[in-house]
Amino acid sequence: MQALRRKDILGLEEISAEEITLILETARSMREIMQRKIKKVPTLRGRAILNLFYEPSTRTKASFELAQKYMSADSVSVAGASSSLVKGETLKDTVRNVEVMGVECVIMRHPVSGAAHYLAQNINASVINAGDGMHEHPTQGLLDLFTILDKKGHLEGLKVVIVGDVRHSRVARSNIWGLQKMGAKVVLAGPPTLMPPDLEGFGVKAYDRVEEAVENADVVMALRLQKERQDSGLFPSLREYAEIYGLTEQRVAGAKEDLLIMHPGPINRGVEISSSLADSPRSAVLDQVTGGVAVRMALLYLLLGGIKEE
Amino acid sequence: MKKLLIKSGRVIDPSRDYDQEADLLISGALIEAVGKGLKAPAGTETIDAAGLIVSPGLIDMHVHLRDPGFEYKEDILSGARAAAAGGFTAVAAMANTNPVADDLSVIGYVKERASQAAVRIYPCGALTKGLEGQELAELGRMQIGGVVAFSDDGRPVDSASLMRNALQYAKGIDALIILHEEDLSLSAGGMMHEGSVSSLLGLRGTAAAAEEVMLARDLLLLKHSGGRLHLAHLSTAGSVEMVRQAKAAGLNVTAEVTPHHLLLTDRAVKNLGYSTNTKVNPPLRSELDRQALWEGLLDGTIDAIASDHAPHHPDDKDVEYDFAPFGIAGLETTLSLMLNELSAKRIKKLNLPLLLEKLSTAPARILRISGGNLRPGNPADLTLIDLKQQVSVNPDAWYSKASNTPFAGHRLTGAAAYTIVAGEVVMKRGVVTEKEPVLHG
Numbered sequence: 000m001q002a003l004r005r006k007d008i009l010g011l012e013e014i015s016a017e018e019i020t021l022i023l024e025t026a027r028s029m030r031e032i033m034q035r036k037i038k039k040v041p042t043l044r045g046r047a048i049l050n051l052f053y054e055p056s057t058r059t060k061a062s063f064e065l066a067q068k069y070m071s072a073d074s075v076s077v078a079g080a081s082s083s084l085v086k087g088e089t090l091k092d093t094v095r096n097v098e099v100m101g102v103e104c105v106i107m108r109h110p111v112s113g114a115a116h117y118l119a120q121n122i123n124a125s126v127i128n129a130g131d132g133m134h135e136h137p138t139q140g141l142l143d144l145f146t147i148l149d150k151k152g153h154l155e156g157l158k159v160v161i162v163g164d165v166r167h168s169r170v171a172r173s174n175i176w177g178l179q180k181m182g183a184k185v186v187l188a189g190p191p192t193l194m195p196p197d198l199e200g201f202g203v204k205a206y207d208r209v210e211e212a213v214e215n216a217d218v219v220m221a222l223r224l225q226k227e228r229q230d231s232g233l234f235p236s237l238r239e240y241a242e243i244y245g246l247t248e249q250r251v252a253g254a255k256e257d258l259l260i261m262h263p264g265p266i267n268r269g270v271e272i273s274s275s276l277a278d279s280p281r282s283a284v285l286d287q288v289t290g291g292v293a294v295r296m297a298l299l300y301l302l303l304g305g306i307k308e309e
Numbered sequence: 000m001k002k003l004l005i006k007s008g009r010v011i012d013p014s015r016d017y018d019q020e021a022d023l024l025i026s027g028a029l030i031e032a033v034g035k036g037l038k039a040p041a042g043t044e045t046i047d048a049a050g051l052i053v054s055p056g057l058i059d060m061h062v063h064l065r066d067p068g069f070e071y072k073e074d075i076l077s078g079a080r081a082a083a084a085g086g087f088t089a090v091a092a093m094a095n096t097n098p099v100a101d102d103l104s105v106i107g108y109v110k111e112r113a114s115q116a117a118v119r120i121y122p123c124g125a126l127t128k129g130l131e132g133q134e135l136a137e138l139g140r141m142q143i144g145g146v147v148a149f150s151d152d153g154r155p156v157d158s159a160s161l162m163r164n165a166l167q168y169a170k171g172i173d174a175l176i177i178l179h180e181e182d183l184s185l186s187a188g189g190m191m192h193e194g195s196v197s198s199l200l201g202l203r204g205t206a207a208a209a210e211e212v213m214l215a216r217d218l219l220l221l222k223h224s225g226g227r228l229h230l231a232h233l234s235t236a237g238s239v240e241m242v243r244q245a246k247a248a249g250l251n252v253t254a255e256v257t258p259h260h261l262l263l264t265d266r267a268v269k270n271l272g273y274s275t276n277t278k279v280n281p282p283l284r285s286e287l288d289r290q291a292l293w294e295g296l297l298d299g300t301i302d303a304i305a306s307d308h309a310p311h312h313p314d315d316k317d318v319e320y321d322f323a324p325f326g327i328a329g330l331e332t333t334l335s336l337m338l339n340e341l342s343a344k345r346i347k348k349l350n351l352p353l354l355l356e357k358l359s360t361a362p363a364r365i366l367r368i369s370g371g372n373l374r375p376g377n378p379a380d381l382t383l384i385d386l387k388q389q390v391s392v393n394p395d396a397w398y399s400k401a402s403n404t405p406f407a408g409h410r411l412t413g414a415a416a417y418t419i420v421a422g423e424v425v426m427k428r429g430v431v432t433e434k435e436p437v438l439h440g
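Just so you know, the sequences run in chain order A and B.
Here numbering that gives the first Met the number 0 is used: the first residue of the first sequence is 0, the next is one more, and so on.
Here numbering that gives the first Met the number 0 is used: the first residue of the second sequence is 0, the next is one more, and so on.
Just so you know, the hints here were simulated from the structure itself, not pulled from any lab data.
All figures in this text were calculated on a predicted structure; none of them were measured in a lab.
Treat each hint with caution, since some may be false.
EDC-like cross-link-like pairs, simulated, lysine to aspartate or glutamate; straight-line CA separation at most 16 angstroms [stated by the list, open to error]:
#1 A/Lys184 - A/Glu155
#2 A/Lys91 - B/Asp315
#3 B/Lys316 - A/Glu88
#4 A/Lys91 - B/Asp317
#5 A/Lys91 - B/Glu294
#6 A/Lys255 - A/Glu211
#7 B/Lys316 - A/Glu155
#8 A/Lys91 - B/Asp321
#9 B/Lys347 - B/Glu294
#10 B/Lys6 - B/Glu44
Just the calculated beta-carbon pair ranges, DEER-fashion [to be verified]:
#11 A/Glu214 - B/Lys344: 48 to 56 angstroms
#12 B/Lys427 - A/Thr89: 35 to 43 angstroms
#13 A/Arg268 - B/Ile346: 39 to 47 angstroms
#14 B/Glu286 - A/Glu214: 56 to 64 angstroms
#15 A/Ser236 - B/Pro324: 32 to 40 angstroms
#16 A/Glu239 - B/Ala248: 43 to 51 angstroms
#17 B/Leu353 - A/Ser236: 54 to 62 angstroms
Here are some chain A residues the structure puts well away from chain B; computed CB gaps all over 12 angstroms [said to hold, decoys possible]:
#18 Ser168
#19 Tyr206
#20 Glu214
#21 Ile243
#22 Asn267
#23 Val270
Just so you know, even glycine gets a beta-carbon here, dropped at the ideal spot from N, CA and C.
All chains should be built: construct the whole structure from the sequences, respecting the hints.
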């Protein structure tokens with residue numbers, strides 16, 4: 000199989016459609032491994048990986064760690080709270096120290112946009128961005144593409160609606176790039192205070208009303224709404240948000256019959272999405288999580304495994 | 000008395016529209032004569048300025064020298080050497096040091112250090128005690144002690160009431176107030192210009208409105224109170240338009256712009272891969288703003304070009320974007336960046352006398368300090384400029400302790416060839432003359 004000709008995965012903005020296709024195809028093979036009784040291949044035996052999480056994460060961290068175990072890589076996970084950051088050590092020093100212990104790939108989540116770029120510029124090891132501030136979360140974007148492709152059979156021509164706090168969402172940014180590169184049409188919906196200040200660079204349109212945006216949609220993706228946005232005056236209350244922008248059966252009635260419902264998690268039930276919708280047969284929320292492990296196995300393979308075997 | 004003859008340069012004095020090939024004779028610390036075929040006594044030291052521009056010494060009216068308190072970033076002597084290297088004969092140093100220059104004792108320290116510096120250093124005093132925006136600093140006492148202007152630069156004056164009092168009080172002692180315009184509630188958390196690029200990069204934005212809201216308030220206060228106001232580092236199209244209207248209405252207001260706001264936009268943050276050397280306050284704005292700044296500069300709305308030299312230690316900038324301090328160090332790039340624009344001929348109405356007016360005559364006039372002209376009898380502060388010299392921006396070779404510039408690696412045409420302060424050559428072809436330390440005792 001081919002390898003990705005790049006050191007890092009920092010965002011989907013800079014990844015080509017061909018590369019995305021390669022990752023998604025590889026992820027399909029990886030999912031087969033996950034379905035085996037003994038979920039382990041020796042592909043990354045003897046390879047060392049660091050998971051560096053400066054922000055809390057359950058799903059993404061578990062997903063990366065399992066992907067590493069299924070691929071037989073050796074990995075260590077360091078959480079921000081217990082890290083040397085607290086002792087005043089810089090990110091650069093922290094990672095350079097770990098690098099000389101033999102780590103070949105660093106997976107990092109960090110609260111500052113651009114932190115993954117900064118890290119990649121400063122170390123020789125590969126960097127996979129597991130979420131940088133409000134910028135990108137490329138592995139989430141890829142697993143969303145994987146899920147949609149799996150359910151719909153194609154990505155080209157689909158209408159995908161992203162609803163909610165796009166402004167602060169790295170998931171939305173990665174999806175906007177990934178989906179458009181694969182030929183899907185992306186539209187946004189939500190209150191103007193939660194939209195990015197200027198959409199010019201993205202090439203997507205934003206609607207004030209969810210009902211209008213979901214007209215004839217194939218996929219609708221709700222984003223997690225954080226309570227702290229209310230505290231900073233961006234909307235009045237969770238109750239009002241749910242009433243005007245929350246996804247319910249009624250609100251998505253104008254979409255296609257086979258509408259696919261997605262959410263990157265963790266869900267605030269009854270706020271950005273109703274339980275009945277999140278748990279409905281049309282919901283792919285748990286499939287997204289399964290796909291996440293497969294996509295991460297594929298990325299590790301393509302970044303580390305492929306190159307060394309050539 | 001020691002004489003120095005500068006022969007056959009193109010002498011430009013923007014203060015009196017003088018632009019011709021001539022000689023300039025210095026006697027001691029003063030200009031003795033300007034004219035063709037000047038005679039000097041046998042043995043007079045001569046600089047052959049054929050092919051060079053002879054300009055009144057450049058004055059950077061907005062620099063941060065970090066001294067006292069942050070000498071690891073820059074100090075008065077290193078900043079002065081950087082100024083000399085960049086062709087400046089004088090700089091105005093902002094008050095946001097530690098302790099803050101809000102008191103005669105700190106001003107005294109700055110002046111004491113300045114006496115050993117390569118160029119003239121004019122201290123600015125804080126407008127409010129501790130830059131806290133609560134009580135006025137002792138403006139009158141500092142003015143008597145030699146302060147040329149008052150500013151809380153780095154911070155706005157949040158309270159409209161205090162701002163109004165400051166204008167009224169300063170009017171009484173005929174003092175200049177320099178303002179950094181920023182509404183802190185609008186800019187809170189902002190890392191770069193709010194616009195399409197901040198949206199793409201996921202960095203929190205500072206909207207143009209953050210500057211314009213405060214600027215509008217202060218122009219209204221100026222209109223009611225009178226006084227003299229200078230606006231630091233304008234960055235938005237809206238600001239330019241407001242200043243244009245204020246000047247048309249007869250308000251006593253002047254403004255400056257930095258080379259980085261004239262030459263770069265928010266795209267630089269993306270193109271340089273989140274380089275913290277693009278992080279500056281006010282932020283690099285949009286292309287429309289950039290064009291409006293040029294228009295303002297050319298039509299006289301913007302009076303001066305100033306570097307807003309904001310040096311930081313490399314370690315301070317070698318962190319994640321949000322954690323880096325704001326600022327671009329500009330003393331050693333400002334002149335070459337502007338000369339390069341002149342030689343690139345991208346800006347139709349830009350010409351050399353206009354550029355020298357913005358870099359020398361206007362700052363002298365605004366700050367009411369000597370310099371900015373080449374009239375006989377005045378101090379011999381001169382900058383000799385080589386329009387053809389090629390330079391590559393290499394911050395590792397700077398005299399400044401800092402290296403924070405988004406222009407590293409840029410190849411520019413045009414540079415200062417000599418910097419002359421009070422008749423003494425302090426920089427020749429990029430090399431700053433070391434002064435003998437003055438011992439006090």
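Quick rundown of the hints versus the structure:
{"no.": "1", "hint": "A/Lys184 - A/Glu155", "verdict": "holds (8 angstroms)"}
{"no.": "2", "hint": "A/Lys91 - B/Asp315", "verdict": "holds (12 angstroms)"}
{"no.": "3", "hint": "B/Lys316 - A/Glu88", "verdict": "holds (14 angstroms)"}
{"no.": "4", "hint": "A/Lys91 - B/Asp317", "verdict": "holds (8 angstroms)"}
{"no.": "5", "hint": "A/Lys91 - B/Glu294", "verdict": "violated (42 angstroms)"}
{"no.": "6", "hint": "A/Lys255 - A/Glu211", "verdict": "holds (13 angstroms)"}
{"no.": "7", "hint": "B/Lys316 - A/Glu155", "verdict": "violated (43 angstroms)"}
{"no.": "8", "hint": "A/Lys91 - B/Asp321", "verdict": "holds (15 angstroms)"}
{"no.": "9", "hint": "B/Lys347 - B/Glu294", "verdict": "holds (11 angstroms)"}
{"no.": "10", "hint": "B/Lys6 - B/Glu44", "verdict": "holds (10 angstroms)"}
{"no.": "11", "hint": "A/Glu214 - B/Lys344: 48 to 56 angstroms", "verdict": "holds (52 angstroms)"}
{"no.": "12", "hint": "B/Lys427 - A/Thr89: 35 to 43 angstroms", "verdict": "holds (40 angstroms)"}
{"no.": "13", "hint": "A/Arg268 - B/Ile346: 39 to 47 angstroms", "verdict": "violated (58 angstroms)"}
{"no.": "14", "hint": "B/Glu286 - A/Glu214: 56 to 64 angstroms", "verdict": "violated (35 angstroms)"}
{"no.": "15", "hint": "A/Ser236 - B/Pro324: 32 to 40 angstroms", "verdict": "holds (37 angstroms)"}
{"no.": "16", "hint": "A/Glu239 - B/Ala248: 43 to 51 angstroms", "verdict": "holds (45 angstroms)"}
{"no.": "17", "hint": "B/Leu353 - A/Ser236: 54 to 62 angstroms", "verdict": "holds (56 angstroms)"}
{"no.": "18", "hint": "Ser168", "verdict": "violated (9 angstroms)"}
{"no.": "19", "hint": "Tyr206", "verdict": "holds (17 angstroms)"}
{"no.": "20", "hint": "Glu214", "verdict": "holds (25 angstroms)"}
{"no.": "21", "hint": "Ile243", "verdict": "holds (23 angstroms)"}
{"no.": "22", "hint": "Asn267", "verdict": "holds (22 angstroms)"}
{"no.": "23", "hint": "Val270", "verdict": "holds (23 angstroms)"}
Checked against the numbered hints given earlier, the structure breaks hints 5, 7, 13, 14 and 18 and satisfies all the rest.
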